[in-house]
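This note's numbering puts the first residue of the sequence shown at 1, with every later residue one more than the last.
Treat the hints as calculated values from the structure; they're not laboratory data.
Given the structure is predicted, the values throughout are model-derived calculations rather than measurements.
Each hint should be verified, as a subset may be incorrect.
What the hints assert, rightly or not - Simulated restraints, written as ranges between beta carbons of each label pair:
#1 E53 / R164: 46 to 54 Å
#2 E226 / G202: 15 to 23 Å
#3 R12 / E165: 18 to 26 Å
#4 G21 / G101: 15 to 23 Å
#5 R12 / P185: 50 to 58 Å
Beta carbons: idealized from backbone N, C-alpha and C, even for Gly.
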Amino acid sequence: MPHRADRHSIDRPRERLLRLGPAALSDAELLALLLRTGERGADALAVASRLLESSGGLFGLARAGVRELDGARGIGPAKSAAVCASLELGRRVAARRLNPGAAIRGPADVFAHFHPSLRLVPHEKFIALLLDGRQRVLREHVVSQGTLTASLVHPREVFRPALRESAAALILVHNHPSGDPTPSPEDREVTRRLVRAGRLLGVRVLDHVVVAERGYCSMNEEGDLEDEASDAR
Numbered sequence: 001m002p003h004r005a006d007r008h009s010i011d012r013p014r015e016r017l018l019r020l021g022p023a024a025l026s027d028a029e030l031l032a033l034l035l036r037t038g039e040r041g042a043d044a045l046a047v048a049s050r051l052l053e054s055s056g057g058l059f060g061l062a063r064a065g066v067r068e069l070d071g072a073r074g075i076g077p078a079k080s081a082a083v084c085a086s087l088e089l090g091r092r093v094a095a096r097r098l099n100p101g102a103a104i105r106g107p108a109d110v111f112a113h114f115h116p117s118l119r120l121v122p123h124e125k126f127i128a129l130l131l132d133g134r135q136r137v138l139r140e141h142v143v144s145q146g147t148l149t150a151s152l153v154h155p156r157e158v159f160r161p162a163l164r165e166s167a168a169a170l171i172l173v174h175n176h177p178s179g180d181p182t183p184s185p186e187d188r189e190v191t192r193r194l195v196r197a198g199r200l201l202g203v204r205v206l207d208h209v210v211v212a213e214r215g216y217c218s219m220n221e222e223g224d225l226e227d228e229a230s231d232a233r
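Can you make the complete structure from the sequences, with help from the hints?
In structure tokens, the structure reads:
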């Protein structure tokens with residue numbers, strides 16, 4: 001049974017939500033509604049405020065895993081699961097899902113699909129988006145996680161699933177946790193290496209899209225893939 005103070009702390013945000021709508025509530029009030037109860041000496045709103053502060057705000061909270069939240073004071077397995085599930089629902093609503101069969105119209109489609117899931121990942125994640133001959137999605141394949149280097153992103157790991165599923169082309173995708181989508185020299189070198197390998201294997205690399213909090217960079221639009229094609233002629 002929640003303490004009397006907990007019940008009042010829940011009722012206030014709930015009443016405000018019913019009267020004014022969810023947009024009128026603060027991050028702490030919305031989180032308190034998910035937590036529902038606090039702990040002895042601290043109501044749900046106080047626990048929510050403390051959790052946001054210790055996480056570095058809502059974005060920091062979104063980066064945390066269920067085990068990290070479970071270890072926070074006043075947060076147990078049920079509450080941490082509820083918070084993580086709610087954040088994941090928000091990410092899915094924000095994304096333009098590229099389900100199998102969806103046609104890729106350009107890098108903006110790639111960004112809209114991957115930005116909600118990659119923007120808060122604290123390490124670099126490299127993904128190959130496999131496409132058929134009409135540039136429709138077959139599936140996505142996680143190649144590596146960690147700092148992007150030529151040793152981690154080996155052509156074998158990129159093209160093996162593409163060949164297995166008879167993909168005609170692919171789009172490379174990775175994130176920059178720094179928030180800046182500008183490709184690094186290492187990004188460009190890895191891209192050149194994979195474009196050359198794809199040409200030999202008969203699988204075109206259409207683009208390499210760098211996804212970050214502040215937007216995206218298409219290395220095809222930047223001309224990097226054109227330069228590589230010119231070198232091959």
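Right, here's what the structure says about each hint:
no.	hint	result
1	E53 / R164: 46 to 54 Å	holds, 48 Å
2	E226 / G202: 15 to 23 Å	holds, 20 Å
3	R12 / E165: 18 to 26 Å	violated, 54 Å
4	G21 / G101: 15 to 23 Å	violated, 36 Å
5	R12 / P185: 50 to 58 Å	holds, 53 Å
Taken one by one, the earlier hints fail for this structure at numbers 3 and 4, listed in ascending order.
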